[in-house]
Amino acid sequence: MDQPTNKRFGMVIDLDKCTGCGACMVACMAENNVPFREDDTDKLLSIAWMRVYRLKNGKSFPQAEECFLPRPCQHCEGHHGHSPCVSVCPATATDYDMQTGIVSQVPTRCFGCRYCMAACPYHVRQFNWWDPIWPDGMERSLNPDVSVRMRGIVEKCSFCYHRYQRALDEAYAEGRRDLKEHEYQTACTQACPAGAITFGDLNNPAHTVHKLAQPDTAHEGKSRNPKAFRLLERLGTNTKVYYLSSREWVRRAGDSALRKS
Amino acid sequence: MDSALIPKGVKRCPIGQFAVFIAVVGAVLLWGVVAMLLCYIKGLNQTNMNNAYGFALWIWADLAVIALGGGAFFTGLLRYIIGKDELKNIINYAVLIGFVCYSSALLILAIDVGQPLRAWFIFWHANVHSMLTEVAFCLTCYFGVLAIEYVPLVLENRQIDKVPFFHNLGHNMHGIMAVFAATGAFLSFFHQGSLGGVTGVLFGRPFGYRTGLLIWPWTFFLYTWSAAAVGPCFTIFITRITEMVTRKKLVKDNVIDLLAKIAGWMLLTYIVAKIIDTWYWAAVTAPSMGLTLMDFYSNNPGSAYGIWILIAEVVICGVLPALMLVSAGVRRSPALLFLAVTLAVIGACLNRWVMVLQTQAVPVLNFEGWFTYFPSWQEVATTILPVAYGIIMIALSYRYLPIFPQEQELNPIEGGK
Numbered sequence: 000m001d002q003p004t005n006k007r008f009g010m011v012i013d014l015d016k017c018t019g020c021g022a023c024m025v026a027c028m029a030e031n032n033v034p035f036r037e038d039d040t041d042k043l044l045s046i047a048w049m050r051v052y053r054l055k056n057g058k059s060f061p062q063a064e065e066c067f068l069p070r071p072c073q074h075c076e077g078h079h080g081h082s083p084c085v086s087v088c089p090a091t092a093t094d095y096d097m098q099t100g101i102v103s104q105v106p107t108r109c110f111g112c113r114y115c116m117a118a119c120p121y122h123v124r125q126f127n128w129w130d131p132i133w134p135d136g137m138e139r140s141l142n143p144d145v146s147v148r149m150r151g152i153v154e155k156c157s158f159c160y161h162r163y164q165r166a167l168d169e170a171y172a173e174g175r176r177d178l179k180e181h182e183y184q185t186a187c188t189q190a191c192p193a194g195a196i197t198f199g200d201l202n203n204p205a206h207t208v209h210k211l212a213q214p215d216t217a218h219e220g221k222s223r224n225p226k227a228f229r230l231l232e233r234l235g236t237n238t239k240v241y242y243l244s245s246r247e248w249v250r251r252a253g254d255s256a257l258r259k260s
Numbered sequence: 000m001d002s003a004l005i006p007k008g009v010k011r012c013p014i015g016q017f018a019v020f021i022a023v024v025g026a027v028l029l030w031g032v033v034a035m036l037l038c039y040i041k042g043l044n045q046t047n048m049n050n051a052y053g054f055a056l057w058i059w060a061d062l063a064v065i066a067l068g069g070g071a072f073f074t075g076l077l078r079y080i081i082g083k084d085e086l087k088n089i090i091n092y093a094v095l096i097g098f099v100c101y102s103s104a105l106l107i108l109a110i111d112v113g114q115p116l117r118a119w120f121i122f123w124h125a126n127v128h129s130m131l132t133e134v135a136f137c138l139t140c141y142f143g144v145l146a147i148e149y150v151p152l153v154l155e156n157r158q159i160d161k162v163p164f165f166h167n168l169g170h171n172m173h174g175i176m177a178v179f180a181a182t183g184a185f186l187s188f189f190h191q192g193s194l195g196g197v198t199g200v201l202f203g204r205p206f207g208y209r210t211g212l213l214i215w216p217w218t219f220f221l222y223t224w225s226a227a228a229v230g231p232c233f234t235i236f237i238t239r240i241t242e243m244v245t246r247k248k249l250v251k252d253n254v255i256d257l258l259a260k261i262a263g264w265m266l267l268t269y270i271v272a273k274i275i276d277t278w279y280w281a282a283v284t285a286p287s288m289g290l291t292l293m294d295f296y297s298n299n300p301g302s303a304y305g306i307w308i309l310i311a312e313v314v315i316c317g318v319l320p321a322l323m324l325v326s327a328g329v330r331r332s333p334a335l336l337f338l339a340v341t342l343a344v345i346g347a348c349l350n351r352w353v354m355v356l357q358t359q360a361v362p363v364l365n366f367e368g369w370f371t372y373f374p375s376w377q378e379v380a381t382t383i384l385p386v387a388y389g390i391i392m393i394a395l396s397y398r399y400l401p402i403f404p405q406e407q408e409l410n411p412i413e414g415g416k
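Sequence lines, in order, name chains D and S. Heads up: the first sequence at position 100 corresponds to 99 in numbering that gives the first Met the number 0, and the numbers run straight through without jumps. Heads up: the second sequence at position 136 corresponds to 135 in numbering that gives the first Met the number 0, and the numbers run straight through without jumps.
Extracted from the complex, chain D is given alone in its bound form (with noise of 0.2 Å):
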């Protein structure tokens, strides 16, 4: 059997249907067990590895618009791999698999430096300030495909990578080494009720993904659809996670040059 081509997963996010109901993050925590306090309020100290942003185009009615950005990991490739976070680690506790273009997270290695999260820009990697406590008898609802993760460590969005393996593991038991596009999907993609998100490998052209995110190699995936974004492109961090929307000041939004504007 011939060997697959390294994949690039990656996600479209199309900002025009998204409708902020929140349904992605809730999807990814039930998903990844992500741990979470009676009182969540304090953004700055809860963990979601999905988050929703709220903008605003700073108008006053009737010119007042709003726009929702979920906001998963990027999945940062830099230049050849070289993403912000990956390269920090101490302690190896994170890589940049060139085999998926995967940014992956090993709790049990992670010691908790949190240099990492200084890098992330994003600020997708969170940090368990406590150890997890379930509601009596969650444990036993618990995604067994996903360790629980301890106080002290930092973790992030890992583009379901269980649901990846696993896929990989019925692929070859039926004896093909390659998936089909629907076999790998992220809790979020398959939750958002309003098909907002779209997954898949940015370098098959048969995906959608590809078809919408139009990347082009020659200048680090850069997108050739006029109406796609990537946040902070000129930073280099070269996301595989686009957005879509047809509304400029929402295009304008991901890119830090125009804070003023």
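These are calculated hints, taken from the structure and not from any lab test. Glycine included, C-beta positions come from ideal geometry on N, C-alpha and C. Check before you lean on any hint, since a few could be wrong.
Below 20 Å or equal to it, Euclidean Cα-Cα: the simulated EDC-like pairs (lysine to aspartate or glutamate) are [said to hold, decoys possible]:
{"hint": "1", "chain 1": "D", "residue 1": "Lys226", "chain 2": "D", "residue 2": "Asp13"}
{"hint": "2", "chain 1": "D", "residue 1": "Lys42", "chain 2": "S", "residue 2": "Asp294"}
{"hint": "3", "chain 1": "S", "residue 1": "Lys41", "chain 2": "D", "residue 2": "Asp130"}
{"hint": "4", "chain 1": "S", "residue 1": "Lys41", "chain 2": "D", "residue 2": "Asp13"}
{"hint": "5", "chain 1": "D", "residue 1": "Lys210", "chain 2": "D", "residue 2": "Asp15"}
Here chain D is said to cover these stretches of chain S; the calculated rule only asks that three of the stretch's residues, wherever they fall, bring their Cβ under 8 Å from a Cβ of chain D [what the hints assert, rightly or not]:
{"hint": "6", "stretch": "126-135"}
{"hint": "7", "stretch": "247-260"}
Label-pair ranges, simulated between beta-carbon atoms [claimed, not checked]:
{"hint": "8", "chain 1": "D", "residue 1": "Tyr52", "chain 2": "S", "residue 2": "Met293", "range": "43 to 51 Å"}
{"hint": "9", "chain 1": "D", "residue 1": "Tyr52", "chain 2": "S", "residue 2": "Gly301", "range": "19 to 27 Å"}
{"hint": "10", "chain 1": "D", "residue 1": "Ser245", "chain 2": "S", "residue 2": "Leu322", "range": "52 to 60 Å"}
{"hint": "11", "chain 1": "D", "residue 1": "Pro134", "chain 2": "S", "residue 2": "Val150", "range": "52 to 60 Å"}
{"hint": "12", "chain 1": "S", "residue 1": "Ser297", "chain 2": "D", "residue 2": "Met97", "range": "22 to 30 Å"}
Chain D is fixed; fit chain S onto it per the hints.
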């Protein structure tokens, strides 16, 4: 009561007075220990850090004490390698201060990590691309060097020195100290530099990010240079404070003057490099990331990070003390000299503060605002803990070890031996 342990020919305060002093400082130390235990037992939720402020007071304290402790390696380099012989009269104290600073940094780091029991992973699963790995290796090795440099001093205690083995060991260690001084300078170059690289490599954080030479951002070299400049200033600063507390002159003026003069020229060259670096960052690096200089210094709560902080660091605590220290007239005035070294010390601390804290505070995503942080009492107490520890270490060393070779000559005891 403890007179048999006190070096010959010098006078020390009564043991009762000394015990009270140690008890008072010890109470502060105990307060820090309680806070440390709370952090260990309950976790880092005892701090006011958060997901936007993963690095905060402790990392600043680490960077600051390591910069200030740079006096040990640089004075050692000047004394043993370059051959500035007069500095033998202050090298002991520089080593002691360095030892205190580095052990404090290691202690704070041990509290700062979320899983202290896994701290050894940094050595076992080392990622050689990480600046923090380089810091951990060089810092640990250099702490070993400092311990080796401090041991001969301990062996000079009157009672220990009576044991022939220890006497000979101390004598032989003195003989090969140049090797350790060279090793210390080599290691310090890399760990001081890699501390500069900690924020310098963060290309996702435009405030801290710097371009550089090969794999090293410019901050790598700036941190080493500033530590070499400010470390001796801190040695002079602490020496002067010790002289005030003991009400004795402990080091001759020509020794202080030489060290201050060298520190002054180091500081002047550093601050020129720092200004060039700041200009290049503001004019080229930050704009290439879509930001202007004032984006980093405006619209933040209470103007905590207004442009004043850059002026304070570079001009008031950089250019000014540098010009003061290179002036022979200023160096001759004890008050002005003290002011100059104090400003230089504040400047280095301010530099480390902005590089750690402001880097976290500045919003990078367009739709986020400035992040604010104020340390919890547990963070403050654990940061003061090493200060109390340092005072006790210095007090014990001063009382029982011949730290200052010129003390006897400068403070003859009437009719004494």
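Quick rundown of the hints versus the structure:
{"no.": "1", "hint": "D/Lys226 - D/Asp13", "verdict": "holds (9 Å)"}
{"no.": "2", "hint": "D/Lys42 - S/Asp294", "verdict": "violated (25 Å)"}
{"no.": "3", "hint": "S/Lys41 - D/Asp130", "verdict": "holds (10 Å)"}
{"no.": "4", "hint": "S/Lys41 - D/Asp13", "verdict": "violated (42 Å)"}
{"no.": "5", "hint": "D/Lys210 - D/Asp15", "verdict": "holds (17 Å)"}
{"no.": "6", "hint": "126-135", "verdict": "holds (count 7)"}
{"no.": "7", "hint": "247-260", "verdict": "violated (count 0)"}
{"no.": "8", "hint": "D/Tyr52 - S/Met293: 43 to 51 Å", "verdict": "violated (25 Å)"}
{"no.": "9", "hint": "D/Tyr52 - S/Gly301: 19 to 27 Å", "verdict": "holds (25 Å)"}
{"no.": "10", "hint": "D/Ser245 - S/Leu322: 52 to 60 Å", "verdict": "holds (58 Å)"}
{"no.": "11", "hint": "D/Pro134 - S/Val150: 52 to 60 Å", "verdict": "holds (56 Å)"}
{"no.": "12", "hint": "S/Ser297 - D/Met97: 22 to 30 Å", "verdict": "violated (41 Å)"}
In the structure shown, a violation is registered for the earlier hints numbered 2, 4, 7, 8 and 12, in ascending order.
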